[in-house]
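Participant: Sequences listed follow chains A and B, in order. The UniProt record's numbering numbers the first residue of the first sequence as 1 and each following residue consecutively. The UniProt record's numbering numbers the first residue of the second sequence as 1 and each following residue consecutively.
Any given hint could turn out to be false.
Any copy, or any two copies together, can satisfy a pair, since identical chains are not distinguished.
[Claimed, not checked] Distance condition first, Cα-Cα at most 25 Å in a straight line; then the derived SDA-like pairs of lysine to any residue:
#, residue 1, residue 2
1, Lys110, Val9
2, Lys110, Pro290
3, Lys110, Val47
4, Lys139, Ala12
5, Lys110, Ala124
6, Lys204, Gly225
Don't read these hints as lab results, they were simulated from the structure.
There are 2 protein chains.
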Amino acid sequence: MELRHQVAVTLAEVAEAAGVGESTVSRVLRSHGSFSDKTRERVMAAVERLGYVPNRIAGTLASAGSRLVAFVIPSLSNIVFPDVLRGASAVLEENRHQAVFAVTDYDPQKEEALVASMLAWRPAAVVLAGCEHTEGTAKMLRASGCRIVELLDLDGEALDIAVGFSNRAAGHASAEFLLTRGYRRIGYVGHDLIRDTRAGKRFKSFCETLGMHDVPLVDREIVAGASSVENGQVGLEQLLARTPALDAVYFSNDDMALGGYFHCLARGIHIPSRLALFGYNGLDIGRVTPQPLSTVRTPRVATGRVAAQLIVENAPSQIVDLGFELIEGATA
Amino acid sequence: MELRHQVAVTLAEVAEAAGVGESTVSRVLRSHGSFSDKTRERVMAAVERLGYVPNRIAGTLASAGSRLVAFVIPSLSNIVFPDVLRGASAVLEENRHQAVFAVTDYDPQKEEALVASMLAWRPAAVVLAGCEHTEGTAKMLRASGCRIVELLDLDGEALDIAVGFSNRAAGHASAEFLLTRGYRRIGYVGHDLIRDTRAGKRFKSFCETLGMHDVPLVDREIVAGASSVENGQVGLEQLLARTPALDAVYFSNDDMALGGYFHCLARGIHIPSRLALFGYNGLDIGRVTPQPLSTVRTPRVATGRVAAQLIVENAPSQIVDLGFELIEGATA
DNA sequence: GGCTCAAATGGCAGCGCTGCCATTATCTCT
DNA sequence: AGAGATAATGGCAGCGCTGCCATTTGAGCC
Chain A
1 MELRHQVAVT LAEVAEAAGV GESTVSRVLR SHGSFSDKTR ERVMAAVERL GYVPNRIAGT
61 LASAGSRLVA FVIPSLSNIV FPDVLRGASA VLEENRHQAV FAVTDYDPQK EEALVASMLA
121 WRPAAVVLAG CEHTEGTAKM LRASGCRIVE LLDLDGEALD IAVGFSNRAA GHASAEFLLT
181 RGYRRIGYVG HDLIRDTRAG KRFKSFCETL GMHDVPLVDR EIVAGASSVE NGQVGLEQLL
241 ARTPALDAVY FSNDDMALGG YFHCLARGIH IPSRLALFGY NGLDIGRVTP QPLSTVRTPR
301 VATGRVAAQL IVENAPSQIV DLGFELIEGA TA
Chain B
1 MELRHQVAVT LAEVAEAAGV GESTVSRVLR SHGSFSDKTR ERVMAAVERL GYVPNRIAGT
61 LASAGSRLVA FVIPSLSNIV FPDVLRGASA VLEENRHQAV FAVTDYDPQK EEALVASMLA
121 WRPAAVVLAG CEHTEGTAKM LRASGCRIVE LLDLDGEALD IAVGFSNRAA GHASAEFLLT
181 RGYRRIGYVG HDLIRDTRAG KRFKSFCETL GMHDVPLVDR EIVAGASSVE NGQVGLEQLL
241 ARTPALDAVY FSNDDMALGG YFHCLARGIH IPSRLALFGY NGLDIGRVTP QPLSTVRTPR
301 VATGRVAAQL IVENAPSQIV DLGFELIEGA TA
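Take these sequences, add in the hints, and give me the full structure.
Facilitator: What follows is the structure, encoded as structure tokens:
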């Protein structure tokens, strides 16, 4: 298997082998400009024979305009982002674009560094999560001249294109729902809110809505670390240990809510009569639990799809609100 | 916000502005070769002032040798692949490499097309799932001269580097475990096995092991579609409807097993006394369910990490077996 | 046959950078 | 001070392709 070090076949060699000019080969391969059938066959035969693979690095440099789309995302553990990438990559592949990505771990400084290194590839667009970025990030992006797409958060100022929904509205709707159902002793279990600003916005809006109805948030438990099933379980356990007399708990995420749900199942805490649970995201798994999870379903895959669509068609600057859906479920 | 169409600053402009030669700027920016402190400051000042971002397209073309790593993965819905990407991207980012990816939907033809378009970027390495590829894919990869890394399946011939574990061994271990626990009427619930060849290998080996102990597989239910919690529930429901007298069920994945678990919870089927469940993957969520899921934990993040490490250090061809861990759990 | 027009084709500069080599400035040592 | 070494620097070809322009070819027509 020692086939390393081979010199790649170049367009010039194909031209030579086919007995035509370089530009002709280029035209044939891109189906751009005119050429005869006979020529095309000769070229394709040579391509086949030599095993030629076009060099897009050179092509991009020469034509100034790449088909790369850079995704700078906070995490791959949070299912949200794989879902977004999934929606986007389907559309990008159909349109002969390529996705590059990097993970920030919810760190704005790291985001800035990664955006810089992404811009070095002169992508057609840079896709980011949320609309909070460092001054430096925003400046670089604006100066780059490439398209900027901010996802999953419409509560802020967009740099160019934004696709998603309002987290504030989601938090508000969740609070209204719990209030309508009659819950009055409400708690919250969340993960690191400083880094995950979108979860922070939901929580803030949730509390404000409770406040408007003169229902204070009774207690909250913020676990260190990322959103996860385990943290949800631990968080609820601690919250209940401190404040047993709650009738509903709002979670920062479905992962967390599922952890809470399992905790209740294990402890025999009846849901929703003894305690109601409400999540966020609308994960598939929440629909299959013995009691479907009450939550807000977010359009994650669609967000990726729409973002990619706008990029490939080079759409004008705009804000696309894809909304969300409140799932009543059976846990609240 | 209409800042489109800007002409990017080039190295030549920086050189001009700093009053030095192009090569000097290049050396300073890459900390390669020698230059005085004074020069470095002048260059950096010019870079800062002009907002220069190096063009890695041009750099890569000139220096022949990219720091791109191409991932051609079957899916982003199956958590396995985000996990692998997560492990890999951390290492790649530390080593100034960039990850590009594309999704095949478990389609070998699509894989071939995507590999071709990835090779056009002249990546340092192409990372694939499994070791079954079309003839064309293998030929292109071998001819490309770039590193090839095949993940998560050691039961076959590797093209260059392979990192993962044996699915056959995992299937075998799962069968042995269920037999040791005394189960004798065993069923299987799986998803599309033609596309997911690794699940197919586990199942085959599982059956062979049962056979060696003269315990035939009693029944199986193969659901159409991907591995998911919902399909697991549906699958188990159908399997039990047809063959109620089972004492254990092996699932193609933890997702599926969780679906089965929820089905049992909802129907009041006692686990494991009435029915034992066994999964595959060792998802975090399986540790937090009221009864921890019995399963095989696979080193997904480590697989990505090790693969990336071998790529950045340009390690020789090799097979790295990271093994797996059987989790006894409480469902079998 | 000679003419026109469009289709088909080739030549070559240049995209922005790096690598090599030549040149110049700066030291070090006798 | 001068020779020789070393550090610092600039010039420029060329990576493989595309885009432009010039040229050739062929078809159609009077």
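Participant: Look at each hint and say if it fits the structure.
Facilitator: Status of the hints after comparison with the structure:
no., hint, in the structure
1, Lys110 x Val9, "between (38 Å within a copy, 24 Å between copies)"
2, Lys110 x Pro290, "neither (41 Å within a copy, 38 Å between copies)"
3, Lys110 x Val47, "between (43 Å within a copy, 20 Å between copies)"
4, Lys139 x Ala12, "between (41 Å within a copy, 22 Å between copies)"
5, Lys110 x Ala124, "both (21 Å within a copy, 24 Å between copies)"
6, Lys204 x Gly225, "within (19 Å within a copy, 40 Å between copies)"
Checked against the numbered hints given earlier, the structure breaks only hint 2 and satisfies all the rest.
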